[in-house]
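Trainee: Those protein sequence lines, which keep their order, are chains D and U. Here my numbering is used: the first residue of the first sequence is 1, the next is one more, and so on. Here my numbering is used: the first residue of the second sequence is 110, the next is one more, and so on.
Be a bit skeptical, because a hint or two may be false.
Unchecked claim - In silico EDC-like pairs for lysine to aspartate or glutamate, Cα to Cα no more than 16 Å straight-line:
# : chain 1 : residue 1 : chain 2 : residue 2
1 : D       : K73       : D       : E51
2 : U       : K156      : U       : E141
3 : U       : K219      : U       : E126
4 : U       : K400      : D       : D94
5 : U       : K115      : U       : E141
6 : U       : K400      : D       : D86
As the list claims (entries may be wrong) - Covered by chain U, per the in silico footprint, the following chain D stretches (three or more residues, Cβ under 8 Å):
# : segment
7 : 73-80
8 : 92-105
What the hints assert, rightly or not - Some chain D residues close to chain U (C-beta under 8 Å, calculated; not the full set):
#  : residue
9  : G18
10 : S31
11 : G34
12 : L58
No lab work stands behind these hints, which were simulated from the structure alone. We put the beta carbon where it would ideally sit given N, CA and C, even for glycine.
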Amino acid sequence: MEFSHDRSGDTLVVTASGRVDGSNASDFLESLQGMFDPGDQRIILDLGGLEYISSAGLRVLLMAAQNLDRQSKSFSICSLTEAVGDVFRISGFDQIINVFPSVEAAKQG
Amino acid sequence: MDQTYKILVVDDEPDLEPLILQRMRRQIRANEYEFVFAQNGVEALEKLNADSTIDMVLSDINMPKMDGLTLLQQLPGVDPNLRAVIISAYGDMDNIRTAMNRGAFDFVTKPIDFDDLKITISRTLEHLAEWREALSSRDQLVALQNELSIASQLQQSILPKNPPVTDKYEVSANMEPARNVGGDFYDFFKLDEQVGLVVADVSDKGIPASMFMMSSRTALKGAAIGVGDPAMVLEEVNNQLHQDNPTFMFVTLIYALFNPNTGSLTYSIAGHDPPMLVSADGTVTELPLTKGVALGIAPDIVYTQETVELAPGDTVVLFTDGVTEAMNANNEQFGLTRLADVFEGNSPDSALAANEAVFECVRNFAGDAPQSDDITCLTLRRP
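Please work from the sequences and hints to get the whole structure.
Mentor: And the structure:
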């Protein structure tokens, strides 16, 4: 897993690439939450470089999403590859977490 | 040191006992060491057998009745974790080598240099303490592995055996766990004239996943008996699982209800890969996905269901992603296309044959690559 992030105003865009499965899912959550600042109101996770996500990875996204929701912050993911998009569609997670085609669309969202 | 170590000194020279008690008096007073004494190997064995709290033996070599080298050979029979240090004549390399070969931990030479002896004793006891710690970790690991294997047996034992094979329908099901305890399961049960079929995959693995799996299975079976329609069953199970789920576990599954008299199959999907239909003529199609979400993550989700009529010779294949995401040595996934190819133009002649074909093709594809996920497949065929 590799991460980078870009903050402008109260919006944080985190870019994640690689693979998330049972072996690194908890590291994924820790790295992700380590990037959040108290001032961030809107968090967008750009998964354009994500090749694979297992159910353990989905669970971590769910935990992050619920956590941010409790703090009344917005969380969305975007730029899914076809394979990862299928996982979200089939698991129904696209009905639980906001999914956008691009970072721009997520910012409009 | 927070415990008193007991050291047995074996020597036929009567001077050694007062000498040791005098030179080690500080350690004795501080309750670091306690010394007991024997005159020869026979007496030493008697004392060891009578007192299991002795930690270490310090023994001379030349003694009447039983010498130190013979005593060394006897020690493992008394307690394999005893540590022995030999006192030998200076430069007596033959006896020293024999003693080391017989399991002595270290040696000191005569005349005894007490500073050297203190260091040797303390090194030996440190080693013993580390060894005991390693042993206890190993015991804990063994206990944990035993528990895991019991959990695995429990899990395997709740998977129903002897799937029904009648002239109206045939079922076959198999689950190959990746680790000791996995998160997949299948189920089949009779509901009046109909048959309920389940294939499920719990997020993550190990003990927590298996506990979640057990409660999912019970909730589903209960709802199937009480509620009826697959979509309604999933709504009920979802709300039950969501109520008390602080760890955000979830389960994806297909619940299908087959009517053997009419051949109609009604199914509802909770975040799972849709089933595959193999027609009697060998055409393979993916059945439509229904609307729904993996169970347990959000309340009041609406599920929909689909109905398909099975013609005689049709087979439906329900599977978990352990099938489609099985990897080979080149990190390629088995995938839906290869799964469809198992049956394309090659309609199985029984549910069992269909099931075995899936597992065989996945195994052949994966080769020696390690299995990272549970593999589950359930097949239903209308003869």
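Trainee: The structure should be examined with respect to each hint, and the outcome stated for every one.
Mentor: Now for the hints, and whether the structure bears them out:
Proximity of K73 (chain D) to E51 (chain D) is assessed by CA-CA distance (about 27 Å); at most 16 Å being required, the pair is judged violated. With a CA separation close to 20 Å, the supplied pair K156 (chain U) and E141 (chain U) exceeds the 16 Å bound. Annotation: proposed proximity of K219 (chain U) to E126 (chain U) holds, straight-line Cα distance about 15 Å (limit 16 Å). Distance restraint check for K400 (chain U) and D94 (chain D): the Cα-Cα separation of roughly 11 Å lies within the 16 Å cut-off, and the hinted pair is therefore satisfied.
Proximity of K115 (chain U) to E141 (chain U) is assessed by CA-CA distance (about 9 Å); at most 16 Å being required, the pair is judged to hold. Straight-line distance between C-alpha atoms of K400 (chain U) and D86 (chain D) comes to about 14 Å, which keeps the hinted pair within the 16 Å bound. Counting residues of the segment 73-80 of chain D whose beta-carbon sits less than 8 Å from any beta-carbon of chain U gives 0, not enough to reach three: the coverage restraint is violated. With 4 residues having a Cβ less than 8 Å from any Cβ of chain U, the segment 92-105 of chain D passes the three-residue criterion, so the hint holds.
At a threshold of 8 Å, the smallest CB-CB gap from G18 (chain D) to chain U is about 13 Å, leaving the interface hint violated. For S31 (chain D), the interface hint is violated, the least distance from its beta-carbon to any beta-carbon of chain U being 18 Å, above 8 Å. Nearest Cβ of chain U to the Cβ of G34 (chain D): about 19 Å, over the 8 Å cut. The hint is violated. For L58 (chain D), the interface hint holds, the least distance from its beta-carbon to any beta-carbon of chain U being 7 Å, beneath 8 Å.
Against the hints set out earlier in the document, violations occur for numbers 1, 2, 7, 9, 10, 11.
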